[in-house]
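Student: Protein chains in written order, with the UniProt record's numbering: chain D, 1 to 455; chain X, 1 to 455.
Careful: at least some of the hints might be erroneous.
Copies of one chain are not kept apart here, so a pair can be met inside one copy or by any two copies together.
In silico lysine to aspartate or glutamate, EDC-like type, Cα no more than 20 angstroms apart, as pairs [what the hints assert, rightly or not]:
#, residue 1, residue 2
1, K346, E119
2, K121, E296
3, K346, D292
4, K420, E314
5, K121, D18
6, K420, D389
7, K346, D79
8, K420, E395
9, K420, D292
10, K121, D306
11, K420, D390
12, K346, D95
13, K420, E353
These are computed hints drawn from the structure, not numbers from a lab. On a predicted model such as this, the values are computed, not experimentally measured, just so you know.
Take a look at the letters that make up each chain.
There are 2 protein chains.
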Amino acid sequence: MSDSFLSQLPAELNVLTDPASLVRYGSDASGLCAGVPLLVARPATVEQVGALVALCARHNRKITIAGGGSGLAGGAAPDEGDVVISLELLNRIEDIDEAGGTALVQAGVVLETLCAAVEEKGWYFPLDLGARGSCQIGGNVATNAGGNRVLRYGTTRQLVLGLEVVLPDGTIMTMLDRTLKNNTGLDLKQLFIGTEGTLGIITRVVVRLFPRPQTRRSALVGLGSFTQIAPLLKAARSALPELSSFEVMWADYVAQAARVTGRAIPFDGAWPLTVLLETEGADTPMFHAGFDAFLESMLENDAVQDAIVPQNLEHAADLWAIRDGIGELFTSLRPFVAFDIGIPLKDMGAFIEQAMAEISQRWPQASNLLFGHLGDGNLHLTTGHLQPDDIVPVEEAVYALTGRFNGSISAEHGIGRLKKPFLHYSRDDTQQQVMRRIRDALNPQGVLNAARILD
Amino acid sequence: MSDSFLSQLPAELNVLTDPASLVRYGSDASGLCAGVPLLVARPATVEQVGALVALCARHNRKITIAGGGSGLAGGAAPDEGDVVISLELLNRIEDIDEAGGTALVQAGVVLETLCAAVEEKGWYFPLDLGARGSCQIGGNVATNAGGNRVLRYGTTRQLVLGLEVVLPDGTIMTMLDRTLKNNTGLDLKQLFIGTEGTLGIITRVVVRLFPRPQTRRSALVGLGSFTQIAPLLKAARSALPELSSFEVMWADYVAQAARVTGRAIPFDGAWPLTVLLETEGADTPMFHAGFDAFLESMLENDAVQDAIVPQNLEHAADLWAIRDGIGELFTSLRPFVAFDIGIPLKDMGAFIEQAMAEISQRWPQASNLLFGHLGDGNLHLTTGHLQPDDIVPVEEAVYALTGRFNGSISAEHGIGRLKKPFLHYSRDDTQQQVMRRIRDALNPQGVLNAARILD
Numbered sequence: 001m002s003d004s005f006l007s008q009l010p011a012e013l014n015v016l017t018d019p020a021s022l023v024r025y026g027s028d029a030s031g032l033c034a035g036v037p038l039l040v041a042r043p044a045t046v047e048q049v050g051a052l053v054a055l056c057a058r059h060n061r062k063i064t065i066a067g068g069g070s071g072l073a074g075g076a077a078p079d080e081g082d083v084v085i086s087l088e089l090l091n092r093i094e095d096i097d098e099a100g101g102t103a104l105v106q107a108g109v110v111l112e113t114l115c116a117a118v119e120e121k122g123w124y125f126p127l128d129l130g131a132r133g134s135c136q137i138g139g140n141v142a143t144n145a146g147g148n149r150v151l152r153y154g155t156t157r158q159l160v161l162g163l164e165v166v167l168p169d170g171t172i173m174t175m176l177d178r179t180l181k182n183n184t185g186l187d188l189k190q191l192f193i194g195t196e197g198t199l200g201i202i203t204r205v206v207v208r209l210f211p212r213p214q215t216r217r218s219a220l221v222g223l224g225s226f227t228q229i230a231p232l233l234k235a236a237r238s239a240l241p242e243l244s245s246f247e248v249m250w251a252d253y254v255a256q257a258a259r260v261t262g263r264a265i266p267f268d269g270a271w272p273l274t275v276l277l278e279t280e281g282a283d284t285p286m287f288h289a290g291f292d293a294f295l296e297s298m299l300e301n302d303a304v305q306d307a308i309v310p311q312n313l314e315h316a317a318d319l320w321a322i323r324d325g326i327g328e329l330f331t332s333l334r335p336f337v338a339f340d341i342g343i344p345l346k347d348m349g350a351f352i353e354q355a356m357a358e359i360s361q362r363w364p365q366a367s368n369l370l371f372g373h374l375g376d377g378n379l380h381l382t383t384g385h386l387q388p389d390d391i392v393p394v395e396e397a398v399y400a401l402t403g404r405f406n407g408s409i410s411a412e413h414g415i416g417r418l419k420k421p422f423l424h425y426s427r428d429d430t431q432q433q434v435m436r437r438i439r440d441a442l443n444p445q446g447v448l449n450a451a452r453i454l455d
Numbered sequence: 001m002s003d004s005f006l007s008q009l010p011a012e013l014n015v016l017t018d019p020a021s022l023v024r025y026g027s028d029a030s031g032l033c034a035g036v037p038l039l040v041a042r043p044a045t046v047e048q049v050g051a052l053v054a055l056c057a058r059h060n061r062k063i064t065i066a067g068g069g070s071g072l073a074g075g076a077a078p079d080e081g082d083v084v085i086s087l088e089l090l091n092r093i094e095d096i097d098e099a100g101g102t103a104l105v106q107a108g109v110v111l112e113t114l115c116a117a118v119e120e121k122g123w124y125f126p127l128d129l130g131a132r133g134s135c136q137i138g139g140n141v142a143t144n145a146g147g148n149r150v151l152r153y154g155t156t157r158q159l160v161l162g163l164e165v166v167l168p169d170g171t172i173m174t175m176l177d178r179t180l181k182n183n184t185g186l187d188l189k190q191l192f193i194g195t196e197g198t199l200g201i202i203t204r205v206v207v208r209l210f211p212r213p214q215t216r217r218s219a220l221v222g223l224g225s226f227t228q229i230a231p232l233l234k235a236a237r238s239a240l241p242e243l244s245s246f247e248v249m250w251a252d253y254v255a256q257a258a259r260v261t262g263r264a265i266p267f268d269g270a271w272p273l274t275v276l277l278e279t280e281g282a283d284t285p286m287f288h289a290g291f292d293a294f295l296e297s298m299l300e301n302d303a304v305q306d307a308i309v310p311q312n313l314e315h316a317a318d319l320w321a322i323r324d325g326i327g328e329l330f331t332s333l334r335p336f337v338a339f340d341i342g343i344p345l346k347d348m349g350a351f352i353e354q355a356m357a358e359i360s361q362r363w364p365q366a367s368n369l370l371f372g373h374l375g376d377g378n379l380h381l382t383t384g385h386l387q388p389d390d391i392v393p394v395e396e397a398v399y400a401l402t403g404r405f406n407g408s409i410s411a412e413h414g415i416g417r418l419k420k421p422f423l424h425y426s427r428d429d430t431q432q433q434v435m436r437r438i439r440d441a442l443n444p445q446g447v448l449n450a451a452r453i454l455d
């Protein structure tokens with residue numbers, strides 16, 4: 001069967017079969033290697049994707065879809081013998097609509113490239129995450145990427161106006177809407193956003209743009225207690241309509257991230273909690289006066305204990321370096337588990353307290369580092385210095401607690417292969433059954449990204 | 001069968017069978033009457049809804065779901081002999097989370113009631129439309145209601161964090177998320193938002209709240225040409241992050257709406273286009289200075305020709321009265337067709353030109369009134385003074401043109417029964433097939449809201 005399949009592969013598919021490529025496309029940033037693929041095909045047109053998928057479906061040949069390879073849930077790791085379809089050559093920005101503020105791009109465009117191209121035209125695509133230099137917009141959509149500015153602009157789901165997808169039988173479904181509103185029945189694009197390639201291959205995307213902000217203001221503030229977080233967030237959302245980030249860091253995290261990135265510890269570590277606020281907007285006296293007035297009133301009312309206000313963009317970058325320091329911290333924490341939990345803000349304090357109590361009791365040698373996009377109810381807890389055998393029990397404990405708080409075991413990273421065993425803590429039997437019914441209605445053979453999210 | 005069905009109906013369902021009620025629940029604001037229902041059941045708990053749906057499914061008894069009855073697409077009009085399930089007694093606001101800014105409400109809560117309740121707690125639910133005093137939040141979600149503030153806050157889809165639904169077999173599916181982020185596979189709530197009750201009955205909703213704005217500023221500006229619209233919108237979005245409305249009205253519309261609402265015609269009708277801008281935010285000097293500076297710079301640069309800036313809320317209400325005057329205008333336009341078209345802003349000028357040319361050539365006696373939420377690419381064209389026999393050909397002509405512009409035949413009102421014949425102009429065969437596959441996977445017997453959207 002494999003021979004007949006191979007003989008029918010069109011020549012123009014830019015196929016790779018050398019061992020180095022097979023290994024390179026054989027995992028993602030999670031490091032999981034589930035098997036070695038048969039080959040990597042790199043179609044250069046949507047029609048080539050459609051024809052290849054149809055061929056695979058006829059031969060019952062399983063497909064793994066490859067984007068930028070920055071996923072953390074093992075979703076891009078192929079099974080042994082899979083055909084990997086990489087979208088990397090579908091990398092054209094087809095059109096930037098400067099009147100309406102939309103862009104039509106192919107799935108393989110790298111996020112950073114898209115952002116730079118629209119900024120050149122006076123527009124702004126606000127999606128921003130650590131992998132910006134390698135992740136592709138198709139993968140961002142397939143995983144509903146979140147990142148640093150969800151509070152203001154939403155997740156990728158809210159930034160997508162239209163999609164084109166190749167269905168598991170090779171049919172091309174084109175729905176490249178360019179308006180905010182289309183109430184003509186089921187919003188089909190929602191089926192493909194966040195479903196990690198299990199229902200279709202995203203080939204083109206229409207994204208919503210925003211006028212390019214002229215400037216940014218940020219501040220790091222110190223808080224004496226977690227109970228100050230919710231009122232501060234509400235006050236900031238109210239006074240600063242441009243508030244785009246509200247990143248909360250706990251003292252241990254700040255100290256270690258400062259150390260590893262070679263920065264001084266802000267406030268000399270005086271406060272148990274530090275919040276990095278950022279707004280972006282027009283470079284007007286009103287914008288700056290509004291930001292300064294907000295900080296002053298927070299300090300006056302003891303809503304915050306102290307504030308560091310960077311005077312220039314480099315100084316602001318220093319603050320973000322601490323927030324982004326988690327990447328460099330990982331090495332020193334091995335073996336670790338990096339959680340990406342969604343918990344309602346009102347329950348966040350109790351959740352953290354119970355999680356810390358259970359971990360410190362059962363795994364007294366563990367180090368816990370806490371930070372998160374708390375404006376979105378998204379906590380990144382990293383539990384490190386574990387024994388390899390502790391990993392699964394720690395995951396089990398934290399995800400079970402998440403379930404008891406009606407939280408999400410994956411706020412932004414997705415389920416892929418690695419979180420599948422814990423899905424039941426966020427999705428009950430009824431929900432899983434409906435998810436399965438939809439998958440089986442669209443991808444009955446399991447041709448696309450089989451064994452991700454659900455068995 | 002009917003007798004056995006009736007004998008099994010639980011007593012607590014608050015059933016209505018009197019002729020007046022059957023007529024009252026037998027249509028919606030579109031006026032369409034498709035048939036007289038068997039009875040109207042008004043369950044008071046989610047469990048009662050589940051049990052009733054299961055009973056109907058066993059007896060193959062079709063259900064029409066009733067919300068506030070303000071729909072314009074005939075979606076709430078039952079077929080002869082249907083069981084109408086009204087959600088009106090599921091009308092409790094169960095919880096307002098003042099820390100995180102979310103509310104958990106039952107589906108039958110009237111929109112205006114919800115807005116007032118959260119405002120009392122210092123929060124804000126921004127959904128706003130003409131039917132606010134009668135429409136119910138469950139219906140708003142089922143039809144993905146748009147309205148006046150989509151530009152800033154999105155449609156209802158963007159305001160829903162969690163849902164509970166009763167599936168067509170009576171199963172209750174509860175997914176009452178309270179966070180912005182949950183990437184644990186298919187976002188199931190998207191299946192029920194905007195699908196007009198064809199996949200499930202919405203019983204409870206978690207909505208996202210915003211800090212209550214302290215004040216509003218609005219202005220009416222006059223423009224000499226349509227080409228000024230896109231740059232003005234971009235400038236306004238850029239300078240006014242709180243911009244919540246950008247409502248464009250053409251001269252004929254303004255003149256007639258002013259007449260019918262007893263107001264003076266703004267600018268004495270000097271400008272072919274008038275835009276009503278509104279922002280909402282904190283009542284700070286910066287907020288007001290920012291708004292005034294924006295208007296001044298627009299006037300200085302000839303981006304707008306003239307501006308009326310209301311000095312108080314009553315004066316602002318006068319401007320909104322003109323914008324909302326369409327309701328009163330309808331009577332004088334009969335027979336008319338009220339279109340709700342989505343067209344990319346870049347193509348809007350060409351679309352209007354071609355539509356006006358075709359209508360005036362084929363139906364010279366017709367009056368065309370134009371206004372729209374152009375910030376969302378949403379045009380409301382009302383074509384009146386038609387002959388009754390002209391209605392369908394006028395619809396056919398405008399929807400066919402919409403299709404040629406890749407637009408949406410329903411930007412915010414939905415498809416229901418009345419727009420079903422034209423769905424193919426916005427959804428091709430492949431899309432309709434996928435929509436049908438999903439419907440058949442969830443509602444195979446057609447128990448819920450049969451014959452809406454798709455046959």
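Student: Would you mind marking each hint as holding or not holding in the structure?
Tutor: Do the hints match the structure? See the list:
1. Taking CA atoms no more than 20 angstroms apart as the test, K346 paired with E119 passes between copies only; the shortest distance there is 19 angstroms, against 37 angstroms inside one copy.
2. For a Cα distance limit of 20 angstroms, the shortest separation of K121 from E296 qualifies neither inside one copy, at 36 angstroms, nor across copies, at 25 angstroms.
3. When the C-alpha separation of K346 and D292 is checked against a cutoff of 20 angstroms, the pair qualifies neither within a copy, at 28 angstroms, nor between copies, at 38 angstroms.
4. For the identical chains of this complex, K420 and E314 are neighbours neither inside a copy (41 angstroms) nor across copies (57 angstroms), given an alpha-carbon limit of 20 angstroms.
5. In the homo-oligomer, the alpha carbons of K121 and D18 never lie at most 20 angstroms apart, since the shortest distance is 40 angstroms inside one protomer and 63 angstroms across protomers.
6. In this assembly of identical chains, the alpha carbons of K420 and D389 lie at most 20 angstroms apart only when taken from the same copy (19 angstroms versus 58 angstroms across copies).
7. In the homo-oligomer, the alpha carbons of K346 and D79 never lie at most 20 angstroms apart, since the shortest distance is 41 angstroms inside one protomer and 45 angstroms across protomers.
8. Proximity of K420 and E395 under a CA criterion of 20 angstroms is satisfied intra-copy only: 12 angstroms inside one chain copy versus 49 angstroms between copies.
9. Taking the shortest alpha-carbon separations for K420 and D292, neither the intra-copy value of 46 angstroms nor the inter-copy value of 54 angstroms comes in at or below 20 angstroms.
10. Neither within a single protomer nor between protomers do K121 and D306 lie at most 20 angstroms apart by alpha-carbon distance, with minima of 39 angstroms and 29 angstroms respectively.
11. With identical chains, the CA atoms of K420 and D390 are at most 20 angstroms apart within one copy only, with a shortest distance of 18 angstroms there and 57 angstroms across copies.
12. When the C-alpha separation of K346 and D95 is checked against a cutoff of 20 angstroms, the pair qualifies only between copies, where the shortest distance is 12 angstroms, while the shortest distance within a copy is 43 angstroms.
13. Proximity of K420 to E353 under the C-alpha cut-off of 20 angstroms is found in neither arrangement, the shortest distances being 26 angstroms within a copy and 54 angstroms between copies.
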